[in-house]
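As they're listed, the protein sequences go chains A and B.
Read in order, the letters of the first sequence are residues 1 to 249 in the numbering used here.
Read in order, the letters of the second sequence are residues 1 to 60 in the numbering used here.
To be clear, the hints were calculated from the coordinates, so they are not data collected in a lab.
Any given hint could be a false lead.
Now the in silico label distances, taken between C-beta atoms and shown as ranges [stated by the list, open to error]: (1) E58/B to W126/A: 53 to 63 Å; (2) D153/A to V25/B: 45 to 55 Å; (3) G14/B to W126/A: 20 to 30 Å; (4) G82/A to A7/B: 47 to 57 Å; (5) W27/A to E55/B: 33 to 43 Å; (6) W41/A to G14/B: 18 to 28 Å; (7) P60/B to I152/A: 21 to 31 Å; (8) D153/A to G14/B: 27 to 37 Å.
Straight-line distance between alpha carbons at most 25 Å, and here's what the computed DSS-like set of lysine-lysine pairs gives [unchecked claim]: (9) K39/B to K242/A; (10) K119/A to K181/A; (11) K248/A to K39/B.
Think of the CB as a built atom: it goes at the ideal place given N, C-alpha and C, for glycine as much as any other residue.
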Amino acid sequence: MSNRLISWFKYASPQSFYPLAGRMIPWFWALAAVFGAVGLWISFFVAPTDFQQGEGYRIIFIHVPAAWLSMFLYLIMATWAGLGLALNTRLSGMMAQAIAPTGALMAFLSLWTGALWGKPMWGAWWVWDARLTSALILFFLYIGFIALQAAIDDARRADKAGAILVLVGVVNVPIIYFSVKWWNTLHQGSTINLAKAPSMATTMLWGMLLMALAFWMYSIAVALTRVRAIILEREAHTEWVKALDEVKT
Amino acid sequence: MNWGSPAEFFAMGGYALYVWGSFGVCAVLMIMEPILVGKRQSSILRILRRERQAEILENP
């Protein structure tokens with residue numbers, strides 16, 4: 001077995017991941033602040049007024065990052081859940097549990113900002129269109145996962161039940177992503193597409209990408225902080241937790 | 001620069017309710033979440049410290 005593989009597994013144990021996460025958190029906060037500051041500045045002061053939607057389009061700078069993150073965090077959560085089922089590692093379930101509330105927040109923000117954008121542009125806060133409905137289902141999947149985990153007392157069993165729910169729900173992510181292509185939706189098609197050049201002004205694109213990076217760094221920072229709390233809660237009676245400096249003082 | 005005056009900036013070309021309603025709620029939630037997570041961390045640490053104190057008192 002190579003050294004690399006050994007060190008990888010080393011950080012898969014809560015005991016060694018706890019201090020590592022603690023060291024990484026300030027960096028992710030710093031990156032989130034920098035990307036967020038530049039992103040907001042571009043969003044409001046550099047990006048031009050849209051010729052069709054006026055200033056109302058500026059909601060895009062949080063709507064798209066929140067929507068991306070809600071899907072992306074779900075995939076990361078499903079990956080951890082799958083690893084937990086396959087390898088039976090303790091940290092995996094804790095990571096999935098730590099990501100879920102932040103994912104739910106992003107899903108909520110995408111729906112909320114979407115409603116506030118839909119009202120002035122479409123004339124409706126909500127329509128039962130494929131994109132909106134599948135995004136709402138994603139929000140319910142997060143809530144369902146959180147509720148299911150909270151309802152089972154035994155943490156390891158909660159992880160397993162939650163993992164199955166999350167893995168079944170993965171089918172919804174491509175449905176959200178391709179919904180604007182598969183069905184005739186009121187929601188506009190994707191602005192950014194891997195296959196062709198983005199159909200928006202360069203400064204708008206940069207603002208959106210920087211805001212997405214800021215949301216991404218924020219999510220990592222919050223999820224790592226939460227996983228540290230979860231590690232302490234679950235490993236409360238182990239010797240290594242009792243030996244921690246922050247517990248001894 | 002898109003804005004002639006601060007008032008123009010806050011008016012958002014007539015979309016103030018929608019733009020500030022989006023950014024405002026987003027800001028509030030993204031400030032609240034880290035605070036709540038921080039409280040969760042400090043509450044479990046408080047419990048662990050108390051348990052340690054109790055153990056020391058019981059087995060001097």
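Against the structure, the hints come out as follows:
{"no.": "1", "hint": "E58/B to W126/A: 53 to 63 Å", "verdict": "holds, 59 Å"}
{"no.": "2", "hint": "D153/A to V25/B: 45 to 55 Å", "verdict": "violated, 34 Å"}
{"no.": "3", "hint": "G14/B to W126/A: 20 to 30 Å", "verdict": "holds, 22 Å"}
{"no.": "4", "hint": "G82/A to A7/B: 47 to 57 Å", "verdict": "holds, 53 Å"}
{"no.": "5", "hint": "W27/A to E55/B: 33 to 43 Å", "verdict": "holds, 35 Å"}
{"no.": "6", "hint": "W41/A to G14/B: 18 to 28 Å", "verdict": "holds, 23 Å"}
{"no.": "7", "hint": "P60/B to I152/A: 21 to 31 Å", "verdict": "violated, 39 Å"}
{"no.": "8", "hint": "D153/A to G14/B: 27 to 37 Å", "verdict": "violated, 53 Å"}
{"no.": "9", "hint": "K39/B to K242/A", "verdict": "holds, 20 Å"}
{"no.": "10", "hint": "K119/A to K181/A", "verdict": "holds, 23 Å"}
{"no.": "11", "hint": "K248/A to K39/B", "verdict": "holds, 19 Å"}
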